[in-house]
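**Q** Given next are the chains, with one letter for each unit.
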Amino acid sequence: MPQINLLQAVNSALDTAMASDQRVICLGEDIGEFGGVFRATSKLQEKYGKQRCFNTPITEQGIVGFSIGLAAQGSVAVAEIQFADYIFPAFDQIVNEAAKFRYRSGDQFSCGGLTIRTPYGGGIAGGLYHSQSPEAYFCHTPGLKVVIPSTAYQAKGLLLASIRDPDPVIFFEPKAIYRAEVGEVPDQDYEIPLGIAEVVTRGTDVTLLGWGAQMHQLHRAAKMALEDGIQCEVIDLRTLLPWDLETIVASVNKTGRLIVSHEAPRTGGFAGEIAAAIQEECFLSLESPIIRVTGMDTPFPLVFEKEYLPDYLKVYEAIKQSVNF
Amino acid sequence: MPQINLLQAVNSALDTAMASDQRVICLGEDIGEFGGVFRATSKLQEKYGKQRCFNTPITEQGIVGFSIGLAAQGSVAVAEIQFADYIFPAFDQIVNEAAKFRYRSGDQFSCGGLTIRTPYGGGIAGGLYHSQSPEAYFCHTPGLKVVIPSTAYQAKGLLLASIRDPDPVIFFEPKAIYRAEVGEVPDQDYEIPLGIAEVVTRGTDVTLLGWGAQMHQLHRAAKMALEDGIQCEVIDLRTLLPWDLETIVASVNKTGRLIVSHEAPRTGGFAGEIAAAIQEECFLSLESPIIRVTGMDTPFPLVFEKEYLPDYLKVYEAIKQSVNF
Amino acid sequence: MTAKANVIGVPRFTEITDLTIPTLSILDAEGKLRKDAHEPLINKATAMKIYQDMAYIRILDERMVAAQRQGRLSFYLTCTGEEASVVGSIAGFKSHDMVMSQYREQAALRYRGFSSEQFMNQLLSNDLDFGKGRQMPIHYGSRELNYMTISSTLATQIPQAAGYAYGQKLSGKDACTICYFGEGAASEGDFHAGLNMAAVSNCPVVFVVRNNGYAISTPTSEQFSGDGIAPRGIGYGISSIRVDGNDILAVYAASVEARKLALEKNAPVIVETMSYRLGAHSTSDDPTNYRSSAEEDVWRKKDPILRMKNWMLDKGWWSDQQDHQLKAQYKKEILDALKSQEKRPSPSISELITDVYKTPPAHLQKQYKDLLSHIDKYPDHYLPNPNKVDHQTALTQFN
Amino acid sequence: MTAKANVIGVPRFTEITDLTIPTLSILDAEGKLRKDAHEPLINKATAMKIYQDMAYIRILDERMVAAQRQGRLSFYLTCTGEEASVVGSIAGFKSHDMVMSQYREQAALRYRGFSSEQFMNQLLSNDLDFGKGRQMPIHYGSRELNYMTISSTLATQIPQAAGYAYGQKLSGKDACTICYFGEGAASEGDFHAGLNMAAVSNCPVVFVVRNNGYAISTPTSEQFSGDGIAPRGIGYGISSIRVDGNDILAVYAASVEARKLALEKNAPVIVETMSYRLGAHSTSDDPTNYRSSAEEDVWRKKDPILRMKNWMLDKGWWSDQQDHQLKAQYKKEILDALKSQEKRPSPSISELITDVYKTPPAHLQKQYKDLLSHIDKYPDHYLPNPNKVDHQTALTQFN
Ligand SMILES: Cc1ncc(C[n+]2csc(CCOP(=O)(O)OP(=O)(O)O)c2C)c(N)n1
Ligand SMILES: Cc1ncc(C[n+]2csc(CCOP(=O)(O)OP(=O)(O)O)c2C)c(N)n1
Ligand SMILES: [Mg+2]
Ligand SMILES: [Mg+2]
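Chains as they are written, first to last, in the numbering used here: chain A, 1 to 325; chain B, 1 to 325; chain C, 1 to 399; chain D, 1 to 399.
Check the hints yourself; a few may be wrong.
Unchecked claim - No farther apart than 30 Å at their CA atoms in a straight line, the calculated lysine-lysine pairs in the DSSO-like style are these:
#, chain 1, residue 1, chain 2, residue 2
1, C, K339, B, K306
2, A, K43, C, K173
3, A, K320, D, K377
4, C, K377, B, K320
5, D, K343, A, K223
6, C, K173, C, K94
If you're looking for bench data, these hints aren't it; they were derived computationally from the structure.
Just need the whole structure built from these sequences, with the hints factored in.
**A** If you want it as structure tokens, here you go:
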């Protein structure tokens, strides 16, 4: 199997989706001839023509609104928002429209054919407006699905599943590891089912849960802990909404300890939801408080990004704290 | 002291703010001559003139953007969003601009003079788009303050404090009890400090925490529980961001049990944040899992709104569940 | 960039007065053909249908406002005064064209064939409501009639209509989208996004802007400083026309041409109908708070239904007796439908969690199960009268 | 609604060709006064300042792109080709007018008096950066110079500028706001919101639209179908003018008039400058991917700085020798500033939590305390070289 990076895996998923279904249309700012500012849509216009892969004017609310209409009509719309930081002008279209489209019509109409792809996260010296991790906003929105891959293999399989999913999906791509994350990815078509977490490393002492670029910090911290004799069970949530409660509950019932990590600010972040649900489900199994290792409650800073971000050292310290509680 | 309702208290706060500070300007859809669709701005245009109280075109992103500029210039902008359901077109201006304005400029510029008022919540047969409780979205946004009153007295005191607070505030008004909630409200100017919860009823067995219209369900449930001999401590959070962790921790350390209730959908709602933080702080004091009594994870429905909403009976059942764990 | 660029050597600003949008007007106030005006091709059957649907909606609106006052439904909103803007435009389209409307266009839905029972089912949130009782009254939708379910959030349908039309174009069918909205909604960012995208991606969509003087209490003078909405179209490079919205023939003629243009050029078109919202904004509103009855009277005299009736009488296509009979029949039909459909039960409680997703995920199923067992504990408290929205709780001010 | 409404009896659509926006052009390609053109009143001192600031920015941009290539800063973005659009416009305003810009208007900041050291402080995120090292390079701001801190999110400053100007009007000062943005940003909903609100609430704000042909890779043909941005102003009832953006006198003349109009009428004004982004979008971009060098060459010949220089030489206000000296001096000044300011330390880590709120609330103070004790455990890992952003981690594609 060829070794490709996460960005190429995204491109391959889009290519596969467009080749296998005429109805798939890609749109977004600079995604046409140029192939997108990260090159995720590279060569797609050349291959599938300007009608199926095109530049839009700079209007995120327009891109999403247009894509909802397109999906409602029967097309399969794959919209790119250039940076997750710029998804907010489309917030109303996503939260009030896409998420409620099927429900409000009594299933007469749906925009399930909609997928919104967007690069998210820090670690690239992007400061306030090229670093945000806004997943929690969307996880509070019934009707949406939220998906975040952490490897090249996942990126292709989850994106194909998202594009073909009958509900609207927000697909966040961890841009910090677009190129760094390389792995074997089949040329062929394959899907990874949504809604199912992946237990990446089995362990007995403490459960580490995360998604996207943060998985790498978790793995690294788990390795450090192993040298101390602590066996971490590392779980990649992959789909945040709806999320795989069952797998996490099973793990925490085994380990008795849980650490959840994300880059987004702590207050109101999705780790809060997970902690709340797990203390409810696993109250009697928990041997120490669930710990959240997250970004700080500030806008995303530039010079102190390294200090701001929840890295493997912070996760490692949390592991020790959890085990030594 | 005169008895007035919550809506009149809002009006009185605006009147007081405008009378005491020339720089206060009210703007929003239909808030001028008409006085707003709920009449919260009644008579203000007549009293203070069209320049200080005016109708805007229908553009929530414009209203908030304009108000940010106004506040940055040195005015005190009080913007109304007609329904909280319609705040989403302004999401980018609120989350990317207002919340980050001071930080990104290194305190050279700020829009602290901004307050956004908006009626929120269910219980009025409003269906999907006249019932939402979007507070959690804003609570995940560092730089904002989020305030929700539950009584007429609070409404005036908190709104005056919000208008004069040096940071941007989102002020959610519980429209279901705009008229039903009546109480003694001073004619004079007074402020209730932000960031401090109110312990409304002292109790020893279980802590009930909520805000806005939901407080009434909590009080009613507490009364039912009292007949069973269960003494609830009822706390009104009032300010959701930044929230008064200390008061809640003290209460839970005493009662050992916590129930948090809000109308918004459960997943990603603000009860999750509270539960996560409290299990962290009070792990050894907790005698049963923290319970969330919330709206369901669907868009807000019309005919089954009563079934959907977290009412006093659901809270009462949760109390029994918590105590009998 | 098709406009010829000419050059000046001294600063001169281009002003609103440099662009004049004429108004298409065919029938005069009495329903006679204006001189210099061309009567559009319209056959008797179409004219009859248009007239009857306008008359129907006027009666439906009157009855439903009365029913709302009686507490039989929680909310209503009339099309009164704007019937010609709506029926005249929809009549220029084909039944396979998609309609994406704001909320004041029930007359278009009627034109497509929505029955009195179907109106009632939605208004009363009963078990036959296509929307399963989830949305407030007047949020109609019909897959069968290609009428997109209405959303309360203003202007969101505008970029969606562009996308829908783009999909229609790609699918190669001879179909387009007609998208309605008010002059107030045209202030939203989504208006700008939708019109610009429609123009630049060559979408066959006709935007019908109902410029009716008010957005709730806000007069157009506080909504914009420009000359209405049509001139904005020129800025996007969109062919635009303004019509007397109370003149059924003008609206119809413009709409027929607009559809042709949209499909021939694969391009958006704007039709701005100049009219007046004769009634309150909705049953929650009282216009005496913000406008004079003198102003209303001026417009009441321009009633589009009466004007068309006079034209029909002149043509010999209609008689006063027919008119009388028709209205009596509609009244009965509507009241019968109200009576029969309000007896129907609510949708099933199980619909509380369907359609959030195609398939209810585990957490929703669990929430539903928990709800059912809770209801079991208090059987008298919930679902006591399951076919009624609790109208007492509905606020009076509510838009 | 001031346009005279005339009436037609047959459908006729108004088209883009019904409105022509002329272009103000004063200097020809060689820097000579065009015949029929009026030279605006401009004194030698102002002309010198304009020319020098344009020259300064050209050099700053060149040096900083080079410095970025050397890894001395993470990101940069030039104004090259558009210097006249920016300096010509800002020169028409007073220093107490507020500037709200997009990101490509560093020349306006220079005109206001921003020093080489101040540019470097921001670009290098050192302890003297007014923005405390929080934002990416080029996100300048200066309270003292009435230059609002830049936000990356496009078009958000447009409605804000309307509000700012409204506040200026109420405060009764003879001050207005100048708001810059690109033709790409003009597609955002905030553009529509801001312009319409500015018009309807009579805000003294001048919108300078830099129409430079591209938005990153997207040519104007894929950004809009209309004739640029100025015609949109007519739709809002805003006085609008289009100018040759490479003609310093045209931009200046239009801007002086625009400011006058804005303050006299308490109304917004649009100035659209037609120019070309000669360089890459930013140091992360490579334009060979989407446009030809032939196209660039056409525009390189229209260099606005050269054109102004020729006019200055003709006037006897400037000499080649002066030019040579000035450029050498600027080069040295800029490189000296780069060298000295890159030696400065980072802002203090304590700034991580200030300014989120006026006063850091308890939870932020706790998070900060926790961070400090964590850093204490790994003193070598964090803050290893506190005055440098880790440029290796910066992606190459990044806008
Ligand atoms: C995004 C949004 N903001 C505000 C409202 C509240 N609202 C409902 S109708 C209305 C007025 C709309 O006026 P217009 O578009 O002119 O339509 P008309 O009622 O005149 O037909 C407003 C402000 C809404 N529904 N959606
Ligand atoms: C809301 C938002 N969407 C997308 C971007 C990414 N982006 C940065 S610059 C740019 C192009 C802007 O083009 P234009 O307004 O024409 O300005 P120019 O670069 O040509 O000066 C884009 C799409 C952004 N910064 N903000
Ligand atoms: Mg209207
Ligand atoms: Mg540009």
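**Q** The structure should be examined with respect to each hint, and the outcome stated for every one.
**A** Structure-based check of each hint:
In summary, the hint linking K339/C to K306/B is supported, as the alpha carbons are separated by about 25 Å, within the 30 Å threshold. Distance restraint check for K43/A and K173/C: the Cα-Cα separation of roughly 28 Å lies within the 30 Å cut-off, and the hinted pair is therefore satisfied. Taken as a hint, the K320/A and K377/D pair is honoured in the structure, with Cα atoms around 13 Å apart against an allowance of 30 Å. Taken as a hint, the K377/C and K320/B pair is honoured in the structure, with Cα atoms around 13 Å apart against an allowance of 30 Å.
A threshold of 30 Å between alpha carbons decides the hint, and for K343/D with K223/A the separation of about 38 Å lies outside it, so the pair is violated. A hinted pair counts as satisfied when its Cα atoms are at most 30 Å apart, and K173/C with K94/C qualifies at roughly 12 Å.
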